[in-house]
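The task is simple: from the sequences and hints, build the whole structure.
In numbering that gives the first Met the number 0, the protein residues as written are 0 to 157.
Honestly, the hints are just simulated from the structure, not real lab data.
All the pointers check out, no bait thrown in.
Calculated pairs, EDC-like style, for lysine to aspartate or glutamate (alpha carbon to alpha carbon, straight line, at most 20 Å):
(1) Lys118 x Glu84
(2) Lys141 x Asp42
(3) Lys141 x Glu75
(4) Lys141 x Glu84
(5) Lys118 x Glu136
(6) Lys96 x Glu57
(7) Lys118 x Asp42
(8) Lys118 x Asp86
(9) Lys90 x Glu57
(10) Lys52 x Glu84
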Amino acid sequence: MKTFIVSVLFFCFGLSKGQIGKEEDLKKLIIILAARIEGTSIDNKAFFSFGPKIPMGENLNHWISLRGHFNWWDLEGRKFIVIPELDYFYKIASFEKNKDVIKGLYLGAGITPNAVSPKLGINFYYFFTAELGYNFEYQQYKHFPTEGFRFSFGINLF
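Take a look at the structure:
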């Protein structure tokens, strides 16, 4: 199954490059389609999180992300919960020229319909990320409280 998925991805990238034609257009498409998959812990609840991240500007220091936090196991009688979150990130340090494991540090803030959360993040090996923050609820979530420390570990796709 893994071989099949990798083969399909390579095939699609080859076709997309052939269809777009210019290298600049391909880079723009990959940046727009950039996404991340992560496991997020908010207080004592766990979520599967997914969403795209879009750069703002040419220097790639400012990013906006819209992701959903999905949970389908913490409540009885409710099979599927989605908490949307809009994030802003600013890269405060970049170590890409070094051969270190850590490639960048960033600060961010996210807002959900019920909470605001400042965050600190670290990029490892270009495609792994870890975030630490705190959710401040301004309105209690109807199913369970989401105020408290949050941690997430994820993989950046593309």
